[in-house]
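We have chain A; now place chain Z onto it with these hints.
Sequence order for the protein chains is A and Z. Once you know that position 240 of the first sequence is 240 in the numbering used here, the rest is easy, because the numbers rise by one and skip nothing. Just remember that the numbering used here sits 1000 ahead of the position in the second sequence, which is counted from 1.
Okay, derived cross-link-like pairs now, SDA-like style, lysine to any residue, Cα gap no bigger than 20 Å in a straight line:
#1 A:K506 / Z:G1079
#2 Z:K1080 / A:N520
#3 A:K409 / A:I503
#4 A:K588 / A:T526
#5 Z:K1080 / A:E468
#6 Z:K1080 / A:R516
#7 A:K447 / Z:Y1098
#8 A:K413 / A:K506
#9 Z:K1099 / Z:E1052
#10 A:K459 / Z:G1092
#11 A:K457 / Z:K1099
#12 Z:K1099 / A:D456
#13 Z:K1082 / Z:S1070
#14 Z:K1128 / A:D450
#15 Z:K1080 / A:D471
#16 A:K459 / Z:I1117
These are calculated hints, taken from the structure and not from any lab test.
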Amino acid sequence: MSVFIAWGQNPKQKSVDYYSWNYPLVKSISRNIGFSVDEEPLPVRAAIFYRNGEEVDFLEGRNVKTTISSSFVNDLDLWSYKTVPFDKADVRVYFVPQPTVFKVIGYKEKRGVNGDEDRYTGQLKMLRSLKIEVKDTQNNMLYETVLEDVNELHSISAFENQSIKTEQKAIDLMKAHFLENPEKYFARAGGSLSGPLYYKMIVHLQDVLDVRRKKSTLYLYSYNKKKGYDFSELQNSIDQLVNLADIDPGPHYQSLLEDRLLPKIDFWRTQVTKYNKKDKKERKIVWGLLANISGAYYALGENEKALEVYKEIEQLNYRASYTYLKDMPLEQISKKENFFGEGKDQTTGAPPNFKGSHNPSYVFYQNTGARLLGVNEAMRSKADLQKNEEKALVLYKLLSHYEYLAELKRLSKKFNDKGDVNVGFEETDAYFVEVFNREIKESEEIKYLDLSVLEDKEKILVTKISQELIDFYEVYDKEISLNKTISSDSEELKRLFDKRMVILSKLFLDEKYEKRELDNSIVQLTDLMLTVNNETIRQLPLLELLLDELSSENKLRYTDNPRLFKQLFKRYQKTYVLLFVGETTIKKYLHHSAINGIKEELNDYYRFYRADFDEVESKYKNLHNEARVVKILSTFIK
Amino acid sequence: MIKFKRIIFICVVVLVHSCGSMALSSYEMSPSHHEPFDVTNNLEIEVLLVEEVSYDSNAINVDYEIKNNSNELFKPDFGKFKVFFSIFTQDGREIGHYKNLYKQIAPNSSIILSEKINLSVYRYKTIKARILVE
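Chain A extracted, bound-state conformation (with noise of 0.2 Å):
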């Protein structure tokens, strides 16, 4: 019984999370920062590791990649730091990936009744490491280090219905379990950095570098419930402080925790006068208000006064051994001096100026290897990537036209009839005519393109196919058109003429030739234009057309031709399906970091192609964006 008396009148730790400052070990010598990722293909090999310390190699692997995907940075998120191109910044980070190694071991183990026998268990564990280095722009080194992840991949503890009796043995179990198919096992090397390796990374430069607030935990004491005693204020001013690390730690956040723990210091100091320090029971009680008030001090950033408590907690001489009471301030009060000179502090209140800035485009590669697109664009000028753009919006009028006249003309056939006649059609669908003149009229705008940005040939070229498209397409128009009711004499006048001109182009000019002429201008334009020309890219512009005939307010209605809607809007999620999915897509040319960048701009394209057709017009209303398939199509731009 006495026992429990005892125990009841014992503090009773809590735990409650906050953010408090780091500060970091790197001096800060400017606030601009680049980031640098090396993708050299490394060596993978698999040795086996002794005990005594000896290292054998058994086999070697083909060389593997590893890779950073470039929104690190949001992850990152550093606060005192900007993110610039690399080529700009006066701290630089590189990250050097180092071979992967496959450790074969024998771990050894006692077990048996007496703990006295020896056990091994043949082990294989994928060591993958990454080398961080922070230098200056004059290649000075300011910190580096190598993080590492071990991770156990299988492990072997009994041979045939026996326990291992040697490491040789339990080695030699597992090199030839591995043997067996080690393909398998070097598949794992490489690859985008993720999981435990990659969160190590994150924590450990945001410690290293960065001033910022990080999760960290205050020990709060309080008292159960005791005959002659009322802890229920006290308990009450503890259990309101549990959400401290719910409010957004941002510039505001110093204040929120003032007003949050001011009060409770003050509480708390009333009440520690009200027990006798001296008394054996009571002190119990003393210490676990001064440790509290002690606490909360070290979480407002007052060090100094968090250690001035200490000294009257100290001369309680209860609980000598929570000296965690005095590190704490006291390893703060160190860091904070070593990173801003003694005396100085300028973090308490500071802003977190670079939060949620950051642009993984600075991202620099290095050693990328294969020619994949988009990579490293950040350190191209300015006026380079505005002249691209210019090129790529040429590029996309063009040939959205060009392939959605195409398929208009492709679908004229389900929707008119052309019956027996020669000339003109014996039905047409208004609709569709109407969709079909308004396009041709849309597509004038080919003619007017700013051609100032293109090369001579490419010049010629666009004006050639331009006015050849019109044409050819013109015609087409005129003939869906005779079915249109007539209310003049100018309009009956105007179909005379038009009817003369299909007749007339009927038998003067080879369609399917002049098709051919225009489908080659195309592809020797492209080929001109772009990087890599295939099929599937000259479809990209098509799809942002469709985008925008589909789910802007003033073009196609669902409700106007369901038929005429549903035909285009499968045309939309086949060019998806053509450009993002399975083994054409475009993605396959491009840089992850590149892919990274237009990973919002992919997403609206995705959201549409899952779209329903009846939800189109309530849910997905003007989705069109010209600068972003101008931006897609701009990397594959010369």
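Positioned in the frame of chain A, the structure of chain Z alone reads:
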């Protein structure tokens, strides 16, 4: 009916054949065709007058002269020679326009042609013209 079609077919074959032989004979008869006409040195193009056509849509009317400086007759093959206009607009845009050239030009003389070019919403500033050979 089949018989009729066959007759037409035979007629066409005979016609094509005779045309081919005619072309071949004329080719053999005129040795000057062995050397193609040197366009870059002998043909010269100059824009004479540009007028804004205001009564219609926003367009310009371009009068241009093509000179044949050689002693040979310039006889363009169909679809081989084009006149390419670069129109520079007031907002810095360059618009292209493309025209087939099929007129013959006598030796040491010139012809004056006219072309209407629509400019949509853009305002004309200057123009350049040149001859292209495909």
